[in-house]
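Colleague: For the record, the sequence lines run as chains A and B. For the first sequence, this note's numbering assigns the number 1 to the initial residue and increments by one for each residue that follows. For the second sequence, this note's numbering assigns the number 72 to the initial residue and increments by one for each residue that follows.
Hints may be right or wrong, so weigh each one.
Residues from chain A that face chain B, not an exhaustive set, calculated with beta carbons under 8 Å [stated by the list, open to error]:
1) Thr-22
2) Gln-42
3) Asn-43
4) Pro-47
5) Thr-51
Quick list of the computed label-pair ranges, beta carbon to beta carbon [what the hints assert, rightly or not]:
6) B:Ile-112 with A:Trp-69: 54 to 62 Å
7) A:Leu-58 with B:Pro-113: 51 to 59 Å
8) A:Ile-38 with B:Ile-112: 42 to 50 Å
9) B:Tyr-162 with A:Trp-69: 27 to 35 Å
10) A:Lys-3 with B:Leu-183: 38 to 46 Å
The set of hints was computed from the structure by calculation and includes no laboratory data. Note that beta-carbon positions come from the ideal geometry of N, C-alpha and C, so glycine has one too.
Spelled out from the first residue to the last, the chains are:
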Amino acid sequence: MAKRPPIDNRVRELREQHGAMTQAALGDAIGLTRQTVIAIEQNRYSPSLETAFRIARLFGVGVEDLFIWTE
Amino acid sequence: MPFHEKSAWIMSAALVLGGGFYFFAVASGSSAAGALISPNIPLIVVYTVCLVVIATVGHIVIAVLAPKDANARVDEREQQIFVRAGHYSSYILAIGVLLSLGLYVMGGRGDLLFYTVFASLMIGQTAEYLLQILFYRT
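Please take these sequences and the hints and turn them into a complete structure.
Modeller: Structure below.
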């Protein structure tokens, strides 16, 4: 949690493209708290593989379209 | 703020207030007696009741204020937070118990052993909740 992972993501961008979905609504849809969604969007937390797939499926994109390795 | 972070704040406050009350009573009693008083059950019962009342009332209040959050499951990040906080606080408890045992070996005072182990438990548990809060915020 202290060290930021070398992974960027487009969660916020895709969330806003999907009818301006709120962080709370995204969290409810995939079983996370709003604070965890915020932590993912701010790159403070890397979600599990299962959660990454859930978010990608919700937005209709592939996992690699959603999460980008930055190193 | 997530429900479990609010819960950690309540438990930290309850432990600090309860521990403060307990050791203030022990210090006052010892000062009046001129020596360390023996652990007594009534004081422990009062401490436990204070802790339970603060924790129960606090959790009822935060649950009433945000019932949806109160019913939410712990998510994967929160599970990691709890595991990490428990891991680090266990070192604090272990160090406290080892120091207590060292004191007992050197002095052979059973009453002091009780109080130092009890304090180690309180400090370790408080540290666990404070670490949860820290990890929630970082």
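Colleague: Decide, hint by hint, whether the structure agrees.
Modeller: Do the hints match the structure? See the list:
1. Below 8 Å, beta-carbon pairs count as interface contacts, and A:Thr-22 has none with chain B, the closest being about 14 Å; its hint is therefore violated.
2. About 11 Å separates the beta-carbon of A:Gln-42 from the nearest beta-carbon of chain B, more than 8 Å, and the hint is not met.
3. The closest approach between the C-beta of A:Asn-43 and any C-beta of chain B is roughly 13 Å, which is over the 8 Å cut-off, so the hint fails.
4. A cut of 8 Å between beta carbons decides the hint on A:Pro-47: the least distance to chain B is about 7 Å, and the hint holds.
5. At its closest, the beta carbon of A:Thr-51 sits 6 Å from a beta carbon of chain B; the interface hint therefore holds under the 8 Å criterion.
6. Distance hint check: the CB atoms of B:Ile-112 and A:Trp-69 are about 60 Å apart, consistent with the given range 54 to 62 Å.
7. Between A:Leu-58 and B:Pro-113 the C-beta distance comes to about 57 Å, which sits within the given range of 51 to 59 Å.
8. Restraint check, A:Ile-38 to B:Ile-112: a C-beta distance of roughly 47 Å satisfies the suggested window 42 to 50 Å.
9. Hint check: B:Tyr-162 to A:Trp-69, Cβ distance near 34 Å, so the stated range 27 to 35 Å holds.
10. For the hinted restraint 38 to 46 Å between A:Lys-3 and B:Leu-183, the CB-CB distance of approximately 41 Å keeps it satisfied.
Comparing the model with each numbered hint stated earlier shows that hints 1, 2 and 3 do not hold.
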